[in-house]
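Please put together the full structure from these sequences, using the hints given.
Protein chains in written order, with this note's numbering: chain V, 1 to 116; chain X, 1001 to 1117.
To be clear, the hints were calculated from the coordinates, so they are not data collected in a lab. Just so it is clear, CB atoms sit at the ideal spot from N, CA and C, and this is done for glycine as well. There may be inaccurate statements among the hints.
Stated by the list, open to error - Capping the alpha-carbon separation at 27 Å, the derived lysine-lysine pairs in BS3-like fashion look like this:
(1) V:K103 <-> X:K1064
(2) V:K70 <-> V:K56
(3) V:K2 <-> X:K1014
(4) V:K42 <-> X:K1020
(5) X:K1066 <-> V:K2
(6) X:K1020 <-> X:K1055
(7) V:K103 <-> V:K2
(8) X:K1066 <-> X:K1014
(9) V:K70 <-> V:K2
(10) V:K67 <-> X:K1014
(11) V:K70 <-> X:K1041
(12) X:K1066 <-> X:K1055
(13) X:K1064 <-> V:K67
(14) V:K103 <-> X:K1014
(15) V:K56 <-> V:K2
(16) V:K2 <-> X:K1041
(17) V:K103 <-> V:K56
(18) X:K1064 <-> X:K1041
(19) V:K67 <-> V:K103
(20) V:K103 <-> X:K1020
(21) V:K56 <-> V:K42
(22) X:K1041 <-> X:K1020
(23) X:K1041 <-> X:K1014
(24) X:K1041 <-> V:K103
(25) V:K70 <-> X:K1055
(26) V:K42 <-> V:K67
(27) X:K1014 <-> V:K70
(28) X:K1066 <-> V:K42
(29) X:K1014 <-> X:K1064
(30) V:K42 <-> V:K103
Unchecked claim - Some residues of chain X that are not near chain V, with every Cβ distance over 10 Å (derived):
(31) T1017
(32) K1020
(33) K1041
(34) D1065
(35) F1067
(36) T1075
(37) F1091
(38) A1097
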Amino acid sequence: QKEVEQDPGPLSVPEGAIVSLNCTYSNSAFQYFMWYRQYSRKGPELLMYTYSSGNKEDGRFTAQVDKSSKYISLFIRDSQPSDSATYLCAMSLRPGTTDSWGKLQFGAGTQVVVTP
Amino acid sequence: GAVVSQHPSWVICKSGTSVKIECRSLDFQATTMFWYRQFPKQSLMLMATSNEGSKATYEQGVEKDKFLINHASLTLSTLTVTSAHPEDSSFYICSAASGLAVSYEQYFGPGTRLTVT
Chain V
1 QKEVEQDPGP LSVPEGAIVS LNCTYSNSAF QYFMWYRQYS RKGPELLMYT YSSGNKEDGR
61 FTAQVDKSSK YISLFIRDSQ PSDSATYLCA MSLRPGTTDS WGKLQFGAGT QVVVTP
Chain X
1001 GAVVSQHPSW VICKSGTSVK IECRSLDFQA TTMFWYRQFP KQSLMLMATS NEGSKATYEQ
1061 GVEKDKFLIN HASLTLSTLT VTSAHPEDSS FYICSAASGL AVSYEQYFGP GTRLTVT
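Shown next, in the form of structure tokens:
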């Protein structure tokens, strides 16, 4: 079983719709949860991060973490064609954890296509 | 700020040859750099972690004699794929961090696509 599971998609939505993405994980020790956007043949770009459980909003993006269910989500409101990309979830242990400093565990990424 | 570059962006080499990929932090000093490999439609897999002036720490299953990592300065790390074979063809991405306090404070390069023929 992979530590982080993410549906690879593709997920196709019409412009203006809400994009809903999620990941599940198995390691209850994860404390930091991140969402990255990756355009084709480019490196990942950090969109949002959340520490422990809760919600976080930044513009059109909302990230949710439910540690009891080991489930994280990213919502994109009023989606635009420019949002078409692969979205990767990533998570890590708390700082100072032996031998795990800074290491990110990524999901497989979900390809999102926003059609005009 | 926080720009990381990689060179080359795309390289084709013949089987059995070696290829070097550079990762540079352009506007900050990177005490730690990470090297990832990404196969098509798959996740980024961490290969190794390097701290400036120290030997790299490799993840389980990554051959350290095949993937040589050098982090000789605070702005440059190199990954050398030695005796490359077609199965080494992949997208290699580095990330760089300065005095890493939390995991998300690392910045990714644009990646290098390696094709071994």
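Results for each hint:
{"no.": "1", "hint": "V:K103 <-> X:K1064", "verdict": "18 Å, holds"}
{"no.": "2", "hint": "V:K70 <-> V:K56", "verdict": "17 Å, holds"}
{"no.": "3", "hint": "V:K2 <-> X:K1014", "verdict": "33 Å, violated"}
{"no.": "4", "hint": "V:K42 <-> X:K1020", "verdict": "19 Å, holds"}
{"no.": "5", "hint": "X:K1066 <-> V:K2", "verdict": "26 Å, holds"}
{"no.": "6", "hint": "X:K1020 <-> X:K1055", "verdict": "17 Å, holds"}
{"no.": "7", "hint": "V:K103 <-> V:K2", "verdict": "16 Å, holds"}
{"no.": "8", "hint": "X:K1066 <-> X:K1014", "verdict": "16 Å, holds"}
{"no.": "9", "hint": "V:K70 <-> V:K2", "verdict": "13 Å, holds"}
{"no.": "10", "hint": "V:K67 <-> X:K1014", "verdict": "47 Å, violated"}
{"no.": "11", "hint": "V:K70 <-> X:K1041", "verdict": "23 Å, holds"}
{"no.": "12", "hint": "X:K1066 <-> X:K1055", "verdict": "15 Å, holds"}
{"no.": "13", "hint": "X:K1064 <-> V:K67", "verdict": "36 Å, violated"}
{"no.": "14", "hint": "V:K103 <-> X:K1014", "verdict": "32 Å, violated"}
{"no.": "15", "hint": "V:K56 <-> V:K2", "verdict": "26 Å, holds"}
{"no.": "16", "hint": "V:K2 <-> X:K1041", "verdict": "15 Å, holds"}
{"no.": "17", "hint": "V:K103 <-> V:K56", "verdict": "22 Å, holds"}
{"no.": "18", "hint": "X:K1064 <-> X:K1041", "verdict": "25 Å, holds"}
{"no.": "19", "hint": "V:K67 <-> V:K103", "verdict": "19 Å, holds"}
{"no.": "20", "hint": "V:K103 <-> X:K1020", "verdict": "23 Å, holds"}
{"no.": "21", "hint": "V:K56 <-> V:K42", "verdict": "26 Å, holds"}
{"no.": "22", "hint": "X:K1041 <-> X:K1020", "verdict": "24 Å, holds"}
{"no.": "23", "hint": "X:K1041 <-> X:K1014", "verdict": "24 Å, holds"}
{"no.": "24", "hint": "X:K1041 <-> V:K103", "verdict": "21 Å, holds"}
{"no.": "25", "hint": "V:K70 <-> X:K1055", "verdict": "35 Å, violated"}
{"no.": "26", "hint": "V:K42 <-> V:K67", "verdict": "30 Å, violated"}
{"no.": "27", "hint": "X:K1014 <-> V:K70", "verdict": "44 Å, violated"}
{"no.": "28", "hint": "X:K1066 <-> V:K42", "verdict": "25 Å, holds"}
{"no.": "29", "hint": "X:K1014 <-> X:K1064", "verdict": "21 Å, holds"}
{"no.": "30", "hint": "V:K42 <-> V:K103", "verdict": "20 Å, holds"}
{"no.": "31", "hint": "T1017", "verdict": "23 Å, holds"}
{"no.": "32", "hint": "K1020", "verdict": "18 Å, holds"}
{"no.": "33", "hint": "K1041", "verdict": "6 Å, violated"}
{"no.": "34", "hint": "D1065", "verdict": "21 Å, holds"}
{"no.": "35", "hint": "F1067", "verdict": "17 Å, holds"}
{"no.": "36", "hint": "T1075", "verdict": "17 Å, holds"}
{"no.": "37", "hint": "F1091", "verdict": "7 Å, violated"}
{"no.": "38", "hint": "A1097", "verdict": "6 Å, violated"}
Violated hints, listed in ascending order, are 3, 10, 13, 14, 25, 26, 27, 33, 37 and 38; each of the other numbered hints is respected by the structure.
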